[in-house]
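Here are the chains, one letter per residue:
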Amino acid sequence: MNARPAAVATGSPTRPDTAGRLFVAGAGAGHEAHLAAYGPAPSSGTDLIRELELSGLTGRGGAAFPVWRKLAATAAGRRPVVIGNGAEGEPRSRKDATLVQHAPHLVVDGLLAAADAVRASRVYLYVRSGSGTPIRRALAERPDGGRVRVVVAPHTFVSGEAGAVVNAVGQGVALPTDRLHRLSETGLDGRPTLVHNVETLAHLGLVARYGGSWFRGAGTLEDPGTRLVTVSGDLPAGGVLEIPGGTRVADVLAACGTGPVAAVLVGGYHGAWLPAAEVDARLSPSGRAVPGAGVLIALGPGRCGLHLTAQIVRYLAGQSAGQCGPCRFGLPALAGAVGELAGRPAVGTEGRVRRLATTVAGRGACHHPDGTSRLVLSALDAFADDVAAHATGRCVAGGRP
Amino acid sequence: MNRTGLHVDWTRCDGRGLCVELLPDLLGRDEWGYPLPHRSTPGRLLTEVPPGSVADAEQAVALCPLLALTLTTEAAT
Amino acid sequence: MNEALWAAGRASGVTALALLTASVVLGVLNRSGRPLPGLPRFSIALVHRDVALAATAFVGVHVLTLLFDPLARLSVTDLLMPFAGAFRPFWQGLGTVAFDVLLAVVVTALLRHRLGLRTYRTVHWLVYAMWPVAFLHAVGNGTDARTSWFLEVAAVSLIAVTIAVVWRLSAWFVESSHARQELR
Ligand code: SF4
Ligand code: SF4
Numbered sequence: 037m038n039a040r041p042a043a044v045a046t047g048s049p050t051r052p053d054t055a056g057r058l059f060v061a062g063a064g065a066g067h068e069a070h071l072a073a074y075g076p077a078p079s080s081g082t083d084l085i086r087e088l089e090l091s092g093l094t095g096r097g098g099a100a101f102p103v104w105r106k107l108a109a110t111a112a113g114r115r116p117v118v119i120g121n122g123a124e125g126e127p128r129s130r131k132d133a134t135l136v137q138h139a140p141h142l143v144v145d146g147l148l149a150a151a152d153a154v155r156a157s158r159v160y161l162y163v164r165s166g167s168g169t170p171i172r173r174a175l176a177e178r179p180d181g182g183r184v185r186v187v188v189a190p191h192t193f194v195s196g197e198a199g200a201v202v203n204a205v206g207q208g209v210a211l212p213t214d215r216l217h218r219l220s221e222t223g224l225d226g227r228p229t230l231v232h233n234v235e236t237l238a239h240l241g242l243v244a245r246y247g248g249s250w251f252r253g254a255g256t257l258e259d260p261g262t263r264l265v266t267v268s269g270d271l272p273a274g275g276v277l278e279i280p281g282g283t284r285v286a287d288v289l290a291a292c293g294t295g296p297v298a299a300v301l302v303g304g305y306h307g308a309w310l311p312a313a314e315v316d317a318r319l320s321p322s323g324r325a326v327p328g329a330g331v332l333i334a335l336g337p338g339r340c341g342l343h344l345t346a347q348i349v350r351y352l353a354g355q356s357a358g359q360c361g362p363c364r365f366g367l368p369a370l371a372g373a374v375g376e377l378a379g380r381p382a383v384g385t386e387g388r389v390r391r392l393a394t395t396v397a398g399r400g401a402c403h404h405p406d407g408t409s410r411l412v413l414s415a416l417d418a419f420a421d422d423v424a425a426h427a428t429g430r431c432v433a434g435g436r437p
Numbered sequence: 123m124n125r126t127g128l129h130v131d132w133t134r135c136d137g138r139g140l141c142v143e144l145l146p147d148l149l150g151r152d153e154w155g156y157p158l159p160h161r162s163t164p165g166r167l168l169t170e171v172p173p174g175s176v177a178d179a180e181q182a183v184a185l186c187p188l189l190a191l192t193l194t195t196e197a198a199t
Numbered sequence: 019m020n021e022a023l024w025a026a027g028r029a030s031g032v033t034a035l036a037l038l039t040a041s042v043v044l045g046v047l048n049r050s051g052r053p054l055p056g057l058p059r060f061s062i063a064l065v066h067r068d069v070a071l072a073a074t075a076f077v078g079v080h081v082l083t084l085l086f087d088p089l090a091r092l093s094v095t096d097l098l099m100p101f102a103g104a105f106r107p108f109w110q111g112l113g114t115v116a117f118d119v120l121l122a123v124v125v126t127a128l129l130r131h132r133l134g135l136r137t138y139r140t141v142h143w144l145v146y147a148m149w150p151v152a153f154l155h156a157v158g159n160g161t162d163a164r165t166s167w168f169l170e171v172a173a174v175s176l177i178a179v180t181i182a183v184v185w186r187l188s189a190w191f192v193e194s195s196h197a198r199q200e201l202r
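Residue numbers (my numbering), protein chains in the order written: chain A, 37 to 437; chain B, 123 to 199; chain C, 19 to 202.
Among the hints, erroneous ones may be present.
Examples of chain A residues lying across from chain C (beta carbon under 8 Å, computed) [stated by the list, open to error]:
1) R364
2) F365
3) P368
4) A397
Here are the in silico distance ranges between beta carbons for each label pair [unchecked claim]:
5) A173/C <-> P173/B: 26 to 36 Å
6) E177/A <-> V125/C: 55 to 65 Å
7) H131/C <-> D147/B: 21 to 31 Å
8) R172/A <-> T140/C: 33 to 43 Å
9) A173/C <-> G354/A: 26 to 36 Å
10) H131/C <-> F101/A: 32 to 42 Å
11) W185/C <-> P190/A: 32 to 42 Å
Sample of chain C residues with no beta-carbon within 10 Å of chain B, all distances over it, derived [said to hold, decoys possible]:
12) G51
13) P53
14) V94
15) P107
16) V115
Just so you know, the hints here were simulated from the structure itself, not pulled from any lab data. Cβ atoms here follow ideal geometry from the backbone N, Cα and C, with glycine treated the same way.
Using the sequences and the accompanying hints, generate a full structural model.
What follows is the structure in C-alpha cells.
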C-alpha cells in the first residue's frame with residue numbers, strides 16, 4: 037500500500053476545507069502532479085470489491101447504492117462494460133465538472149480500477165461537452181489512457197440517468213429506456229454494465245490505493261468518507277466543497293458565509309426542502325437531509341419557497357423526455373398546479389397538487405416523476421405557512437409571491 | 123409459491139385502458155387514461171398480481187395493443 | 019358447377035370487402051381507446067381481431083374459388099405477382115396487391131409478441147393503403163359493379179372508412195385528449 041496523503045486543508049480549487057482528499061494534487065493537476073500527490077496507480081489484483089465493502093462507499097450520483105454490490109453483480113456476468121458518468125444533468129451541480137477539470141486522473145484511476153475488478157472488456161467516460169477537453173488531455177498523458185473511450189453527453193436533465201447513459205453510449209440517444217432488469221444483468225449491447233458517477237470513481241481510485249479502512253478515516257459511521265457538494269442560492273459565496281460525510285447542513289452553509297436561511301433545498305431538483313428549523317440535520321443518505329448528487333440550494337429569508345419550487349417544477353416538466361404518459365402529461369399539470377399555489381391558489385389547489393404529485397410518482401421509465409414528486413411534497417410540508425398565507429392572498433415572504 | 127408481477131413499459135403504454143378493464147381489482151386509470159395501481163408497488167413492477175388474477179393478467183399482456191405489458195415471476199422469499 | 023364457382027367467388031369477395039371495412043372501423047375504434055356501450059375495450063380488440071380473421075377467410079374463399087373458375091382464369095402466380103393476370107389484369111392486379119398485404123398484416127399481427135412492436139405496427143399501418151386498393155379492385159374487377167346492391171355495399175363501406183379516418187385524424191380522437199395537456 038502506498039503512503040497515505042495527510043488530510044489537507046488546502047489544495048481544493050474552489051475553497052479550502054478540512055477533509056480534502058480529492059484535490060490534493062492541486063488545481064488542474066496533470067499526471068505528474070497527480071502521481072506526486074497520490075503515489076503510483078493502484079495495482080490490480082488487490083481484492084478491490086472487498087475493500088470497497090469495508091469502506092462503505094456509496095454511489096455519489098444520487099442513488100447512494102453500495103458501490104461494492106454493483107461491482108460484485110457486474111463481475112458475475114460475461115464481458116462487462118464500465119461507464120464513468122459525468123453527465124451532471126442537474127443544472128445547479130458543478131461538482132462533476134470541477135472534479136474532471138482538476139482531478140481527472142483520480143477519476144480515470146478509479147474507472148480503470150473498477151474495469152479491472154470486473155474484468156471489463158470496454159471502458160467509457162461519458163461527460164458534458166465542457167469536460168471533453170480536460171478529460172482527453174488527461175487520457176493523452178497516461179500510458180493506459182487509450183483504454184478509455186470518451187462520449188459527450190447532451191445538456192439535458194435526464195442525460196445522466198443510468199439507462200440514458202447506456203442508451204447514449206450505445207445508440208447515441210440520451211433518453212432513458214424501459215428496464216425490466218438491472219443494468220448489471222443486461223446493459224450496453226446486452227452485456228452486464230456498470231455505470232458509476234465520476235465522483236464515486238474518484239473515491240474508488242483512492243480506496244484501491246489506500247484501502248477501505250483508510251476511507252473511513254473521514255465522515256461518520258452512516259456516511260463514511262468525504263463527498264462533494266455544490267452550494268448555490270442566496271449566499272455570499274457558493275461553489276463546490278469537499279466535506280466529510282455526516283456534516284451538518286448548517287455547517288456547510290456557514291462555510292459559505294451565509295447567515296440565517298428560510299429553508300434549504302437538499303439533494304437538488306429531485307431533492308427535498310429542509311425548513312430552517314432543521315438545518316442542524318446531518319447530510320446522510322439515510323437521514324433527514326439526503327445529499328443525493330450533493331446539491332444544496334439556500335433560500336434566503338424573505339424569499340418565497342413556493343415561487344422557487346414552481347419555477348423548478350416548470351423547468352422539470354420541460355425536461356420530461358416525453359416518453360412516458362404520466363410524466364409527459366402529469367408533470368405539466370403538476371407544474372401548473374404548483375404555479376397556482378405560488379400565485380393565487382383557488383380552494384382545492386393544494387389538494388390537487390398533492391394528488392398529482394402522488395399520482396405521477398413511480399410511473400415512468402426513469403425516476404424523473406418520482407424526484408419531481410418528492411420535491412413538491414417536501415415543499416408542501418416545509419412551506420405550509422406560505423401555502424396558508426397564499427390562500428388568503430398574502431405572501432409570507434413579503435408580498436413577493 | 124411464485125409471486126407474479128405485472129410490469130409496464132411506460133415508454134410504450136398509450137393509456138388505452140384494456141389492462142384496466144381486465145384487472146379492475148388491481149388497476150384504475152389516472153386522468154390521462156394511464157393505468158394507476160390501487161396499491162403502489164416499489165421497484166420495477168406496476169403491481170403485484172395475486173394468484174386469482176393471473177389469468178386476467180395474462181389476457182391483458184396478450185391484448186395490450188402496444189405490447190407494453192410483461193408478466194414477471196419471482197420465487198417468493 | 020362453373021356457375022356456382024363464379025357466384026361463390028363474387029359473393030365471398032363482396033363479403034370480404036364488407037368485413038374488411040368493419041375490421042378497419044373497429045381497428046380505428048380500438049386505437050381511440052374508447053369502449054362502446056356494452057362492449058368494453060378489450061372486447062373491441064377481440065372483435066377487431068375476429069372480424070379481421072373472418073375477412074381473411076372470405077378473401078381466401080374468394081381466391082380459391084376463382085383459382086378453379088375457368089372465366090377468371092386465375093393462376094397461382096397471380097396470387098403473388100400483380101398485373102400479370104389474364105382477366106382484367108390491372109384490376110385483378112390490385113386484388114393481388116391487397117391480398118399479399120393482407121397476408122402480411124395478419125401474419126405479423128398474430129406473431130406480434132414475437133416480432134416486436136415496431137415490425138407489427140409498421141406493417142399494420144399498411145392497412146390504410148390496402149383498404150383503398152381492395153376497394154378499387156372490388157369496384158373495377160367485379161362484374162356486379164353496376165348492380166344496385168353492390169353499389170350500396172360499396173358506398174356504405176366507403177363512407178364508413180372515410181368517417182373513421184377523418185375521426186382518426188381529428189384532434190380529439192384519443193379518449194383522454196382533453197386531459198392530456200403538455201407544457202405551454
Ligand atoms: S419518466 Fe419522464 S423523463 Fe423519464 S423516461 Fe419517462 S418521460 Fe422521460
Ligand atoms: S393495455 Fe397496454 S397501452 Fe393500454 S393502458 Fe394497459 S399497458 Fe397501457
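Numbers of unmet hints, in rising order: Numbers 4, 5, 9, 12, 13, in rising order.
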